[in-house]
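A.B. asks: Counting in the numbering used here, the sequence shown runs from 32 upward without gaps.
If you're looking for bench data, these hints aren't it; they were derived computationally from the structure. Do not rely on the hints blindly, as some may be mistaken.
What the hints assert, rightly or not - Across the chosen pairs, the derived CB separations fall in these ranges:
#1 42 to 251: 39 to 47 Å
#2 142 to 209: 42 to 50 Å
#3 76 to 236: 40 to 48 Å
As the list claims (entries may be wrong) - Calculated pairs, SDA-like style, for lysine to any residue (alpha carbon to alpha carbon, straight line, at most 25 Å):
#4 244 to 174
#5 244 to 43
#6 244 to 204
#7 95 to 110
#8 143 to 43
#9 151 to 95
#10 95 to 232
#11 244 to 138
#12 244 to 95
#13 143 to 57
#14 151 to 185
#15 151 to 102
#16 244 to 110
#17 244 to 102
#18 244 to 57
#19 95 to 64
#20 95 to 171
On a predicted model such as this, the values are computed, not experimentally measured, just so you know. Where is the CB? At the ideal position from N, CA and C, for every residue including glycine.
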Amino acid sequence: MCGRFTITLTVGLGERFLVHLDRDPAPQYNIAPSETAPVIFFSAERGVRELRMMQWGLVPSWVKDPATSRRPINARAETLLTQPLFRSATLHRRCLVPATGFLEWRNEGRGKVPFYIRRKDGQLMAFAGLYEVRQCDSPEPLSTFTIVTTPPNPLVARYHDRMPAILLPGFEQRWIEPGSPGEEDLGEILTPYPEDLLIAYQVSGAVNAPQNKDPAVLTPAGDRKLPF
32 MCGRFTITLT VGLGERFLVH LDRDPAPQYN IAPSETAPVI FFSAERGVRE LRMMQWGLVP
92 SWVKDPATSR RPINARAETL LTQPLFRSAT LHRRCLVPAT GFLEWRNEGR GKVPFYIRRK
152 DGQLMAFAGL YEVRQCDSPE PLSTFTIVTT PPNPLVARYH DRMPAILLPG FEQRWIEPGS
212 PGEEDLGEIL TPYPEDLLIA YQVSGAVNAP QNKDPAVLTP AGDRKLPF
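Use the sequences and the hints to build the structure in full.
C.D. replies: Structure representation (structure tokens):
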């Protein structure tokens with residue numbers, strides 16, 4: 032799964048993802064479920080990509096009471112078209128979730144040790160996501176998203192049996208462009224990200240607490256580094 036991620040580099044976000052921004056969003060060093068993060072989707076009405084801050088944890092449009100509904104933060108790539116919870120969004124509401132890395136925990140001794148996984152070059156990447164926008168009693172619509180996951184590559188397999196579906200640059204447009212993907216399309220686009228492009232290292236246990244948002248939570252801890 033993907034239960035925590037970051038977007039530490041936001042300068043140039045608009046140029047990287049071909050979306051107009053009046054200003055760059057603020058960096059986020061420890062994004063947890065139920066918090067908001069920037070999400071990019073294709074607006075059929077305007078014919079362009081748009082960025083919107085959305086809440087992490089998908090609320091399908093058919094749910095009667097968002098306050099009591101289950102809000103999945105992840106969706107398995109293998110069952111997107113067979114799970115009623117995700118099928119409609121997979122066919123019509125796909126998005127890019129900009130990120131610079133994600134966190135996983137490994138059992139060691141009596142506790143879990145956090146490791147940060149990012150691109151070796153530190154650059155932005157895009158998770159495949161699904162989103163929903165629904166009108167509620169409040170003036171603003173409720174905008175929510177979930178992150179698609181795949182089986183892990185060999186690096187991430189050291190920590191977890193799932194990883195976020197990080198899109199190769201050539202597949203980002205295919206993922207959010209209009210049209211309904213089939214099983215073959217999804218199988219080609221949603222594959223484990225190449226391990227040779229990633230690096231993982233242990234970080235401070237302070238990252239375990241979602242309220243800790245300081246950049247220091249991503250500082251390498253000791254020499255627990257696994258280069259690939």
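A.B. asks: Evaluate each hint against the coordinates.
C.D. replies: Hint-by-hint comparison with the structure:
1. 42 to 251: 39 to 47 Å: The hint (39 to 47 Å, Cβ to Cβ) is violated, given that residue 42 and residue 251 are roughly 23 Å apart.
2. 142 to 209: 42 to 50 Å: 47 Å, holds
3. 76 to 236: 40 to 48 Å: 45 Å, holds
4. 244 to 174: Holds - the C-alpha atoms of residue 174 and residue 244 are around 23 Å apart, at most 25 Å.
5. 244 to 43: 22 Å, holds
6. 244 to 204: 31 Å, violated
7. 95 to 110: 24 Å, holds
8. 143 to 43: Violated, at about 35 Å.
9. 151 to 95: 44 Å, violated
10. 95 to 232: Not OK: residue 95 and residue 232 at ~42 Å, beyond 25 Å, violated.
11. 244 to 138: 23 Å, holds
12. 244 to 95: The given pair, whose Cα atoms are some 33 Å apart, is violated under the 25 Å limit.
13. 143 to 57: 29 Å, violated
14. 151 to 185: 16 Å, holds
15. 151 to 102: It is violated: about 32 Å lies between the C-alpha atoms, which goes past 25 Å.
16. 244 to 110: Status violated; Cα separation ~33 Å.
17. 244 to 102: Roughly 23 Å between the alpha carbons, so the hint for residue 244 and residue 102 holds.
18. 244 to 57: Given that 25 Å is the threshold and the Cα spacing comes to 12 Å, the pair holds.
19. 95 to 64: The hint holds at about 21 Å.
20. 95 to 171: Holds, at roughly 17 Å.
Against the hints set out earlier in the document, violations occur for numbers 1, 6, 8, 9, 10, 12, 13, 15 and 16.
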